[in-house]
Amino acid sequence: MSASQTNARALADTPVARVWLQRAGPWLVAAVIALAVPLFMHSSHALTMLSHMGVMVIFALSYNMLLGNTGLLSFGHAVYFGLGGYMAMHMLRYIEATGFGLPLELVPLVGAAGGLLFGLIFGAVSTRRAGVVFAMISLGIGELVSSSSLMFTGFFGGESGLYGNRTVPASLVGAEYSSGLSTYYLVAVWAFIAALAMYLLRKTPLGWMANAVRDNPERAQFVGYSPQMVRFFQFVLASFFAGLAGGLFIIVDEIITAETVGMVQSGVVLLSAYIGGILVFIGPVVGAILVVFLESELSAITNAWLLYFGLLFVAVVMFAPQGLAGLALQWYGAWRAGDWRGSVAARLYAAGSMLVAFLGLVAVIEMAYHLFQHWNPEQPMGLFMFTVNVTNALPWLLAFAVLAAGIAVFIFHARPVMQRAIHASGGDR
Amino acid sequence: MSDHTALALHGLTKDFGRAKIIRGVDLDVPRGERHVIIGPNGAGKSTLFNLISGRMEPTSGAIELFGRGIGGLPPHRINRMGLSRSFQVTNLFQNMTVMQNLRCALLWSRGHGYAFWKLVNAQPDVTARAEELMERLNLTAKRDVQASLLTYAEQRALEIGATIASGAEVLLLDEPTAGMSRSEADAMVELIREITQDCTLVLVEHDLGVVFNLADRITVLVYGEVIASDVPEAVRANAAVQEAYLGTEVH
Amino acid sequence: MNHRRRMARALAGLAAAGAMTVASLASAQSGDPIRIAYIEPLSGPFANVGDAGLKHFRFAADRINDEGGIMGRPVEIVPMDNSQSPSESAQLVQRAADQGIPFVTQGNGSNVASAIVQSVNRNNQRNPDNRLLYLNYAAVDPALTNENCSFWHFRFDAESRIKIEALTNYMAEEGEAEKVYLINQDYSHGHVVEEQARQMLAEKMPDVEIVGSALHPIGQVRDFAPYVSRIRQSGADTVITGNWGNDLTLLVEAADDAGLDVTFHTYYGGGLGVPAALGEAGAGQLTQITEWHANVNVDEGHDEYREWYEAFAERYPEIDWYYHRVYNQMYMLKAAVEEAGTTAAEPVAHALEGMEFESQTGTVTMRAKDHQIIQPMYISVMDTDVTYDAENSGVGFRTLAKIPASEATVESSCEMDRP
Amino acid sequence: MLETIVFSLLNGLLYGMLLFMLSSGLTLIFGMMGVLNFAHASFYMLGAYFAYTIGLYTGFWVALFLAPVAVGLIGAAVERFGLRQVHQFGHVPELLFTFGLAYVVEELVRLFWGNVPMDYRVPEALDFPLFSLFGTNYPAFRAFVLVVAVVMFIGLWVLLKRTRAGLIIQASLSRPDMVSALGHNVPQVFTWVFAFGTGLAALGGVVGGIQLVTEPGMAFMMGPIVFVVVVVGGLGSIQGALIASVLIGVLQTFALSVDWSLAELGALFGYAVSQESFFATLWYLDTTRIAPILPYLLLVLMLIFRPRGLMGKRET
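One line per chain: the protein sequences are A, B, C and D, in this order.
Sequential numbering from 1 applies to the first sequence in our numbering.
Sequential numbering from 430 applies to the second sequence in our numbering.
Sequential numbering from 681 applies to the third sequence in our numbering.
Sequential numbering from 1100 applies to the fourth sequence in our numbering.
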């Protein structure tokens, strides 16, 4: 989905239909995938997970309006997500209590309005500066709001949170919303609209100047823009979309608790956006989907899931700062450029050596969890295709050997080879 | 002060702690004039620019742009009142292309402000003006090249382009030919002369060839004070200037 | 079967999605166990509590399986990590329903419990073919068996008001307290404790003066010394607290450090980690109100249950068998399933309603009106001179009073919708 | 009232000193390397766990020295093989690296030591009441914590002001670019500063783990408050960190020791708000309940009105 403005001139000669296809193509593919996924994953749990992915996609994209587009590192973005969610929940309960005629499909807009409102209030004090000062203010506001959540029980519902029933309000399209499927489609439609809106926002004067302020706030001042105002507007809009995500979230879960405004939630959205890649539009989308999937599925498989999660994040920061989507785009670029023997093979080689190291690491971690956490470590455990006894030295030696070999090959051979190959083919685009 | 004055400084001073860098500068720049400020290193030329453009706040004194006080205003407000500047060290949006840099510089003056309801690409006036500027800067061939990948001279040209793009009536150019070869500098002077025909120009320059080539009037700044401000011939003949600054170089 | 599941689990680390299928295949093939979803924090700051509970349930399940299972089918505990999050828990209920698991159990955090009740109610209403029962083993918020009671919810721990009722009865009888200080966590559980303690003390012991009270933020206070000096200045001789976890440990440690000589009446003084952290600091000073403690086995001569306790200690040396209610819950569930002849939620719920069960401590009854268990309660004090110490701390609990089930009860306002 | 004040001061000072032990290393690391180390509290936690485990074999006094050294070495390895790799990408990835590291450390601690709190106790030699005031004992260990913190502050002071290494560090606190100009091997200096800073945090953990509780959530609890101290004190300023630590410690303890609310203040001036009114929650909120948010309020206000903190030399 790279911006089309860079090759607008080249496109000027091609037929209009093709231009449109090129621009709209990715969106059509995304829409088709979003519509078709429930055909393959239709258990209600899977639908809930998919709905959460949709919510998280909006939330992570809105986060990236700050981090990727404007260069603002926030540790408190969940404040707007959560407060938006609370506003929407109060509306849902109001509808339940009074029969007020707002259709369910529009309830997320109440959340968005809530996000906008609090974005205006907190944005005014926090966007005066960028950098570390902004990051720390966002941390402080995040802690303030999440600590206040247990004091103002009227609004936050105390530690049990608030419940609502999504089947009560009327529907614009006559849907029931008692099943996960209809809810998923509601989320998907909103996610599509919000993603498109945020994509287009990047192409407006404000979106451009956000990039300009991120890269060179001083220069931006000398072309007439106040960096503070640019940051403020971006912040408010990002809060708007975060609130929208919060409003959808309460429709999916029908419950909201104080943790939605908390530090953990703020951390998760940061991780999602960064793992996906903050410099490409699709990055946060990929990151959000991956993180929701891992959170939901990996925890059911292994006790060590948080450790894997942390390691994945650290690995991305260290080896792929452009994020997974950014990395994939680079690979795709290399493949498109046709230099198969050049960098693609070298990249595969490097990835292969990392995979070997990863297998060794998984073996070590799983054995360690067995050794330290099983009530009887002498009981044999299954590991890949083997049955091992973790109280013996041999499996440990083997696992560490595989890990060390993978790392050594990567550092001393594969990575230099890959870097040379990339360099030879003119670097990454 | 007459209606013809574009930029006026009255008793301007700037202290850094106990160091007095600007010690009471008075200056009138009439509309349409090409005014060059010269002076030895450390005379306070760049500081003067920083004060005028709002990058620093003056300690005392007044700055007036078309008769309105601008001392202490933030840079973007001053810019919007019709004053634009370039920097001694190239200061562009390095990650953006030539075209994007020019468009960014045009957005405010074309009235697009903080708009988030319209697309930049859908603004033909901005595109047309940027194309035109690019042509005049001889950068059309580099349209989609990132600013950071341009040659030095091209970056300087783009810097000038971005400065004038906003259509400001008063331009401050800080050593536009610094670090250039003779031929590059000549080309730059021609470019400046050509594209600043309708503007008031205030220029800091070291290269005396450039100075006497461009200037309608010259101000000599030494240790934060103006020791002469006159037409080039008069400055060349001024004994104090010769003694303080020009002496060895001219003769 | 265990082995195959493990193998599947390790494989999963490699390729999450693929391995999941393997895991579900592996468990589906192995003789149709009766599964109970255990929804508790298994990661994050509260993981220790969730982990300990899981060990209790696994142990009890293994015992039942060794005895031939339930209707010949093995019992399997399916751990699900909710990270102590109500909304995460609501999703996990969904997952349990998807997987056809008929029972969910949970206990830590009344907020999580009410989310699960909501979620179970909703599922059972929207999804009549795939209903669930929620077996609550520790969440004590009275609302769950009063205004928010549900046909699908059964509580195997005494609710908060019952504990206060029993405690104040004991205090009135003993008559030593003159000045009482109330310190609690600033959330609904703490509020209930404070409110009920005020009310019942006023009713039963009008001479007792409540000299002060404090609500402190839950889980955030690192140094209780300021609270301790307030307690001291108030001149209190007795403190009542519903605190749990670190909030209790730190409070009593700080009191000990400052040389504060008061009696602490607690809900969770024997709770996981508290005795280990307190050690002898709590001896003679700290009481708890529970449905059982280890030395009951000695006092009342429950030899079989002593063996159970010791086998657990051998298997998990780092913690003790603490939740007697897990025993009650598992065996009552076994009885109910066998009576109903099925694991379907509705018949099992009807079988559980009103069930009387002979537990070690006496007869316990699942009150039909609100699904609150009614059982004997013990007030016990931390002491060094006991047979079983808690968590290798050198101190254990000695019974001060046993309150018979008939007295350990309060009225319920529950008006239940029955299917 | 006097009693309240004396004990608030004593307790606040103690808590403040614990905060100082954690934050001095962080502020050093930030001042010099520009890295806001989110994993700093994780090193504090490692200090507590290491001291507990080492102490099982050697006793407390040896562990008091060995644990910080061991954690410092781990810190050096983290800097050398992790942060340095990330350094080329800029400050945000550096910060995020430490953010991820905090997750990993917590999980590893859970893996090796389990989820239950450790039985990490006051050493026998210090397990007695030092003095008694208004009938309340003041335990010797608390005094010991104060002594350790004061010794640490003096040691840091001497190190920074009186030694060559200290001069380099000081120089780079205000002008990081100058150090390489003077011909110092900057990456190596970074490694040592990071190791030293994490070692200081670990020392805080050795005593803090006893004073508070040694459990896997301890890092998560202390993490944000340490940032508050460092920012309020002024990034890179040791004295600032000390003042801010004590300020926050005393402020929070004091708020806990008295039961004031706006309602009482209002009552003094004969002004009352009904319990039902919209702002009643706020009006009747007493200081005890506000205490935990005070540091964050201070943080936000400080950043709005004086972003360089109390003693900061430069704005970030």
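By construction, these hints were calculated from the structure, which means they are not laboratory data.
None of these values were measured; they are calculated from a predicted model.
Positions of the beta carbon are idealized from the N, C-alpha and C atoms, including for glycine.
Don't take every hint at face value.
Residues of chain B clear of chain A, computed beta-carbon distances all greater than 10 angstroms [unchecked claim]:
#: 1; residue: Ala437
#: 2; residue: Phe445
#: 3; residue: Arg452
#: 4; residue: Gly453
#: 5; residue: Gly490
#: 6; residue: Gly496
#: 7; residue: Leu521
#: 8; residue: Met525
#: 9; residue: Ala594
#: 10; residue: Ala607
#: 11; residue: Met609
#: 12; residue: Arg611
#: 13; residue: Ala616
#: 14; residue: Ser658
#: 15; residue: Arg665
Heads up, simulated DSBU-like pairs for lysine-lysine below, C-alpha to C-alpha not over 30 angstroms straight-line [said to hold, decoys possible]:
#: 16; chain 1: C; residue 1: Lys884; chain 2: C; residue 2: Lys1082
#: 17; chain 1: C; residue 1: Lys859; chain 2: C; residue 2: Lys884
#: 18; chain 1: C; residue 1: Lys1049; chain 2: C; residue 2: Lys1014
#: 19; chain 1: B; residue 1: Lys547; chain 2: B; residue 2: Lys571
#: 20; chain 1: B; residue 1: Lys449; chain 2: A; residue 2: Lys203
#: 21; chain 1: A; residue 1: Lys203; chain 2: B; residue 2: Lys571
Heads up, incomplete: computed chain A residues facing chain C, CB under 7 angstroms, no partners named [unchecked claim]:
#: 22; residue: Ser44
#: 23; residue: Gly158
#: 24; residue: Ile255
#: 25; residue: Leu306
#: 26; residue: Asn389
Structure-based check of each hint:
no.	hint	in the structure
1	Ala437	21 angstroms, holds
2	Phe445	19 angstroms, holds
3	Arg452	26 angstroms, holds
4	Gly453	27 angstroms, holds
5	Gly490	22 angstroms, holds
6	Gly496	20 angstroms, holds
7	Leu521	7 angstroms, violated
8	Met525	7 angstroms, violated
9	Ala594	8 angstroms, violated
10	Ala607	18 angstroms, holds
11	Met609	21 angstroms, holds
12	Arg611	29 angstroms, holds
13	Ala616	24 angstroms, holds
14	Ser658	26 angstroms, holds
15	Arg665	33 angstroms, holds
16	C/Lys884 - C/Lys1082	19 angstroms, holds
17	C/Lys859 - C/Lys884	14 angstroms, holds
18	C/Lys1049 - C/Lys1014	21 angstroms, holds
19	B/Lys547 - B/Lys571	26 angstroms, holds
20	B/Lys449 - A/Lys203	46 angstroms, violated
21	A/Lys203 - B/Lys571	21 angstroms, holds
22	Ser44	6 angstroms, holds
23	Gly158	6 angstroms, holds
24	Ile255	5 angstroms, holds
25	Leu306	5 angstroms, holds
26	Asn389	12 angstroms, violated
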